[in-house]
Amino acid sequence: MKPPPFAYECPTEVADAVALLAAHGADARPLAGGQSLVPLLNFRLARPAVLVDLNRITALGQIAVENGALRIGAMARQAAVEADPDVGRGWPLLTEAIGHIAHPQIRNRGTIGGSLAHNDPAAELPAVMLALDTEMTARGSKGTRTIQAQDFCAGTMETALAPDELLTEIRIPALPEGTGWGFREAARRQGDFALIAVAVLLRPSGAGGIDARVVVTGTGEGPVRMRGAEVVLTERGTEGDACEVAGNAAAEASEPADDPHAPAWYRQRLVAALTQRACRDAAMRLGR
Amino acid sequence: MADHGHPVRVTINGEAHERSVEPRLLLSDFIRHEARLTGTHVGCEHGVCGACTVLLEGAPVRSCLMFAVQADGASIETVESLADGETLHPLQEAFRREHGLQCGYCTPGILMTLKPFLAANPAPSDTEIRQALSGNLCRCTGYQQIVAAVRRAAAMLRGEEP
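Residue numbers (our numbering), protein chains in the order written: chain A, 1 to 288; chain E, 1 to 162.
Mimicking SDA-like on lysine to any residue, the simulated pairs with C-alpha atoms at most 20 Å apart in a straight line are:
| no. | chain 1 | residue 1 | chain 2 | residue 2 |
| --- | --- | --- | --- | --- |
| 1 | A | LYS142 | A | ALA19 |
| 2 | A | LYS142 | A | ASP164 |
| 3 | A | LYS2 | E | GLU34 |
| 4 | A | LYS2 | E | LEU25 |
| 5 | A | LYS142 | A | LEU20 |
| 6 | A | LYS2 | E | HIS4 |
| 7 | A | LYS2 | E | GLY43 |
| 8 | A | LYS2 | E | HIS46 |
| 9 | A | LYS2 | A | VAL50 |
| 10 | A | LYS142 | A | ALA162 |
| 11 | A | LYS142 | A | ALA26 |
| 12 | A | LYS2 | A | ARG29 |
| 13 | A | LYS2 | E | ALA35 |
| 14 | A | LYS2 | E | SER20 |
| 15 | A | LYS2 | A | PHE43 |
| 16 | A | LYS142 | A | ALA160 |
| 17 | A | LYS142 | A | ASP16 |
| 18 | A | LYS2 | E | LEU37 |
| 19 | A | LYS2 | E | CYS44 |
| 20 | A | LYS2 | E | HIS41 |
| 21 | A | LYS2 | E | VAL42 |
| 22 | A | LYS142 | A | GLY25 |
| 23 | A | LYS2 | E | HIS6 |
| 24 | A | LYS2 | E | THR38 |
| 25 | A | LYS2 | E | GLY5 |
| 26 | A | LYS2 | E | VAL48 |
| 27 | A | LYS2 | E | GLU22 |
| 28 | A | LYS2 | E | ARG32 |
| 29 | A | LYS2 | A | LEU45 |
| 30 | A | LYS142 | A | ALA22 |
| 31 | A | LYS2 | A | PRO48 |
| 32 | A | LYS142 | A | LEU161 |
| 33 | A | LYS2 | E | HIS33 |
| 34 | A | LYS142 | A | GLU13 |
| 35 | A | LYS2 | E | VAL69 |
| 36 | A | LYS2 | E | ARG36 |
| 37 | A | LYS2 | E | VAL21 |
With the Cβ distance kept under 8 Å, some of the chain E side facing chain A (calculated, not the full set):
| no. | residue |
| --- | --- |
| 38 | ARG24 |
| 39 | LEU26 |
| 40 | GLU45 |
Please keep in mind that the hints were generated in silico from the structure rather than gathered at the bench. By construction, the Cβ of each residue, glycine as well, lies at the ideal position given by its N, Cα and C atoms.
With the sequences and hints as input, model every part of the structure.
Printed below as a string of structure tokens:
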């Protein structure tokens with residue numbers, strides 16, 4: 001189908017975009033890469049009166065490492081981040097996860113900020129941002145504020161962003177030397193949103209210990225930290241059957257519902273299996 | 001509230017096109033109905049099938065997931081850019097020889113996906129070829145001949161096969 005009519009605004013500065021969103025309120029939608037919003041418009045599931053196109057705001061496209069932390073402008077294309085050598089060296093979990101987003105043609109247009117602000121409950125990026133302790137910078141008519149990843153997702157396709165706020169940048173802290181990571185996803189077709197995806201980070205902490213982070217998405221309203229699995233790994237390390245026990249703990253803590261794509265029991269088994277495998281991947285890379 | 005007043009200046013296959021369009025006009029429809037280049041096919045219009053894939057500044061994108069106004073100032077290549085008169089591009093020749101198409105509806109999008117893929121990866125493995133094709137649906141061939149065609153096209157582009 002064809003999109004319904006809308007008024008089109010194409011600012012070149014963040015301040016102008018924010019002013020437009022404030023002026024039009026709930027009638028306006030920001031347009032990032034358009035890989036989720038344009039299908040919604042074509043189906044006429046969304047009918048904003050005004051589209052504020054962010055694609056000509058060049059200041060939002062940067063990818064930079066500053067004081068060890070990775071700063072990515074909200075309009076950086078997923079393909080650009082995926083191909084960035086600094087990202088691959090310092091934050092390979094992010095590189096790996098982006099490779100699971102749809103297809104190359106989609107990643108050439110799709111943006112980091114667009115995916116996060118859209119917050120599909122089975123999207124890869126919100127889960128990875130939670131695992132990486134990302135800080136989101138939002139700019140609105142009342143000023144700029146920082147939102148922690150754990151506070152950003154607010155349910156299915158809802159975020160902490162106010163209607164007149166734009167996600168402008170994300171900041172991912174440096175990972176300690178020797179951090180182990182794993183990312184596993186199951187989808188029915190390559191490029192689909194995840195049935196289940198799991199991100200695991202094992203950060204070396206003092207005296208040979210590890211600080212574990214286990215994030216699962218696809219079970220319902222978005223990414224969830226699996227504290228029980230994290231405790232298993234932090235207390236027992238990754239030797240013996242620890243990864244399996246962690247996987248089972250994550251499955252027990254998850255409460256997926258039956259839906260047309262998969263029954264609940266199947267998703268729960270995926271949580272167990274994929275968590276276990278992502279833990280093993282992370283354990284293999286730990287300390288390298 | 002039809003608003004036809006948005007200027008679009010794009011270069012498609014080296015030729016300049018200038019129109020004033022509604023902002024809601026999809027790039028795919030601009031290419032087909034304004035530039036009259038009907039080689040770009042429209043399948044699902046929600047970014048799933050890949051039939052409308054074109055090159056935007058050299059990178060493959062879904063032209064049904066962009067508005068024409070967003071392409072203002074950009075350079076676009078469509079399937080019509082491949083052949084040189086009556087001489088097929090190696091990709092097209094390889095698809096012809098390997099029967100890499102039946103109805104042909106998906107083919108323009110597949111060819112435009114593959115052109116930059118083979119430029120970046122002149123000797124891909126079968127797994128890489130299948131991954132590169134994963135965003136393009138074909139309901140006729142079962143993909144076997146398409147993969148064979150890509151292998152042949154890669155060899156032709158490397159100068160190993162005529």
